[in-house]
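Undergrad: The lines below spell out each chain.
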Amino acid sequence: MIPLLIYAAIFVASFLIVTRVIRRAARHDFTSLKTVTFGDESAVVSDRWASVISIVSIFVLWGMFTGSALLPGFLHAPGPFQGVATFEYTAQATNGDRDTATVTVLVHPVEQKVENPEVEPGDGWARNDSATVGMWRSGLIRVDRNDEIGRDAGARVVAVNGEPIGPGKSVATRFGRVGMSPKGTLNFEPSKGWQMEPIWLPSPEAVVARLAEIAGAGFRGSTLLEHLGYSLFRVVVGFLLGALVGIPLGYAMGLSNWFRGWFDPIVEFMRPVPPLALIPLVIIWAGIGETGKIILLFLAALWIMAIAARSGVSGVSISKVHAAYSLGASKWQIMRHVIMPNSLPEIFTGARVAMGVCWGTVVAAELVAAEKGAGMMIMVASKFQNTDIVIMGIILIGVIGFGIDMLMRWAERVLVPWKGKV
Amino acid sequence: MSGLAIENLSMRFDLPGGGSVQALQDVSLHLKEGELMSVLGPSGCGKTTLLNILAGFLAPTEGQVVMNGHRVTGPAAERGMVFQQGALFEWMSVRDNVSFGPRMKGMPKLDMAEVVNHLLEVVGLQDFKDKAVYELSGGMQQRVALARCLANDPDVILMDEPLGALDALTREKMQSLVLKLWKETGKTIILITHSVEEALLLGERLLVMAPRPGRIHKEYRLPFADLGVGADLREVKKHPEYAPTREEILNMIWNMEEEIMGRVEAGA
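Those protein sequences? They're chains A and B, same order as listed.
Position 251 (the first sequence) corresponds to 251 in the numbering used here; numbering is contiguous.
Numbers in the numbering used here are just positions in the second sequence, counted from 1, shifted up by 1000.
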C-alpha cells in the first residue's frame, strides 16, 4: 500500500514538475499550436520524460523497499531492527514480592550463526537474561528460566518496561513488540520496518549478482545461455514448422472451395483452443522432451499462420488479379507475383502474433515439465525460494519476448515497406 | 474480320435470395480498329458488366464477343485493362509495374528496358522509374497504370473509370494524355465513365446505356475527340455542338434516373 502511494505521488509530482517547469518554453512545433488536444489522437504522443521517470521510479521503489546498496541510505524505507535490544520485565512471586530484571536480545541476520550475548546476572531474585532472534522473526524467551523464583514456584511476569502485561497482551518497546503467550512466556518480535525480506523480494544488486553467478556457473547443470537457448530453439523450430505447414494451408484455403470447406471447421475449432490446454495431451503423447515441446509450439503457430495466410489471400483486391490476368500472367505467375507478395503484410502480422504466443507457450510448457529452459529455471528456483533467480528469469523472459517482437517489426519494415501505405 | 464484335450479348444471373437480375439484354456493337468509344449511363445500366465480359472476366449467358475473328473466352493480353485505382502492384517499383506484362511473357531484359523507358517518357514519368508506386500521387499512379497496359501492346484497351478518383485539374491533364496515347498508338479504346464531359471529350463514339435491363439506349458520333488531340480541351468545350449535346445527354440520363426512382416508389 505504501509503495503504491509513493508511486502515485511520484507520478503526480513529476507530471507537475515536467509540464509546468521544464516544458513551459520548449515546444514550438505544429502540435503545440493545437488548441484541441483532448480527443485528438494525433496530438497524443508518448512523453519521453514520463517514460524515463516511470522506469527509474520502479527501480528506485524496488531499491527503497529492499534496502539496496545502490541507493543512498536516506532514500531507504525504514529497515528491520538489527543489533542489541533490551527490555525490562517485572516478575511477581506468590507472596506479592516484585523484582525487575533486564533481557538483552541480539537481533541478527537470519543466515548468521550467533551466540547469546554475555550478561551479568544482576541482583535480586529475578536474573538478567540474554537471547538471540533473527531479523524479521520472533522468539519465545523463557525469562524465568534462570530466576530464583521461577514459573514452577508460582512467579509470573506482570509488566514489561513498567507497563502491565498478561497472557495474550503485548507491550510496544523501542525495539519491537513484546507479547505474552497464553502460558505466560514472553515473545519478542523485533520491529520489521517497511523493507521486504530478501526471500520475498531481493534487492536489485542481489538479482544482478545472481545473474552473473548463473551466467558463469549455471543452474541445475546448464548455463544460463543454455537455458535461454533451449527455450529460443524450441520457439524457432516450432514456429518455422508451423509456418511451413500453415502458410501453404492458408493459401490453399484462400484459393480453393474444397480446401476452405475441408479445413475451415478444423481451423476455426482449433484457433480458440489455448495452446496451454494442449500441454497435458502433448505430454501424454510425446513426453516432456524436445519432441513434445516442438509439437506444442507447432500447433500453437500452425492455426495462426494458416488464418493469416488465408486472410492475406482473401485480401487481394480483385482488380489486381484482373489486371495481372489481362497483362497475360498465368495462374502460377499470379500466385508468385501477385497473391504471395500481397499476402505478406498479413503473414507478418500473423508471424508476430505467433512468435509471441509461442514464446508464452514455451515458458508455460517448461513450467510444467522440462529438463532445461527459462521456464524450468524459474519454476525450480521458486521451489527453493530462490526469489532472486525467479525475478531474474522473469526479467530475461520479458526482455527476450520484447526482443523477438522488435526483430519481427524490423523484418516487417524491411521486407514489407508498402504496408499501411496503400 | 478485324476489330471487336459484340453479338447479341445478354447476361442474366440468379440472386442468392431468389429472383434474378437481367444485367444486359441483347447488346450488339461493332468496333473498328483504332476507334475510341466512351460508355455512359446511370448506375446499374450494366456498363461495368459489359466491360468485364469484354475483358473475359465474366461469361455472358447469351451471345458472344468476337475479337479479330476468334471468340473471347477468358482474359488475355490482347485486351488490356486500366482500373480506377488500386490495381498497381505496390510491392514493385514503377519500372517493374510497367514491365510486368513483357516480363510474364519472357521478353529479353534489354528489350524490356527499352519498352519501359519509352513508355515512361510518353506518360512523363521518366524520373520516377525507381520510385515505389505508393510514393506517387493518384494522377501519377494512373499514368503508371496506362504505361503498364501499353507495355503489353494490347489490341484493345478497356478503361473502367480510370480517372474517376482524380481531382478536377489532374483529370483534365489525364484526359489530354489519353487522347494523345490514342492518336499515337492507334489502339482501340473503350472507356467507361460517370462524367458526361469526359464521355464527350474522350469518345469518337459515345454509347449511352439504359438500366434494368442494361441495354444500349443511344449512340452518338462526335467530333470532339479528334479536335481534342494535342489541343486545349477547354477550347474544345467551346465548340457550338458541345453544349447542346451535353444538355441532351444530361437530360437523357436525368430522365432515366427519374424513371428508376418512380419505379421504386411505385413498387413500394
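Careful, some of the hints might be misleading.
Straight line, CA to CA, 30 Å or less: simulated DSS-like cross-link-like pairs of lysine-lysine [claimed, not checked]: (1) K192(A) - K320(A); (2) K320(A) - K1238(B); (3) K1109(B) - K331(A); (4) K1109(B) - K1183(B); (5) K421(A) - K1129(B); (6) K1173(B) - K331(A); (7) K1032(B) - K1109(B); (8) K1183(B) - K419(A); (9) K1173(B) - K421(A); (10) K1129(B) - K331(A); (11) K1187(B) - K1109(B).
Simulated DEER-style distance windows between Cβ atoms [stated by the list, open to error]: (12) A1165(B) - R336(A): 25 to 31 Å; (13) L33(A) - L1015(B): 23 to 29 Å; (14) V1264(B) - A277(A): 40 to 46 Å; (15) G1106(B) - E226(A): 20 to 26 Å.
Derived from the structure by calculation, the hints contain no laboratory data.
Only a predicted model underlies this, so the values are computations on that prediction, with no experimental measurement involved.
Glycine included, every Cβ here is placed at the ideal spot set by N, Cα and C.
Undergrad: Taking the numbered hints from earlier one at a time, note which ones the structure violates and give those numbers from smallest to largest.
TA: Those not satisfied are hints 1, 2, 6, 7, 8, 13, 14, 15.
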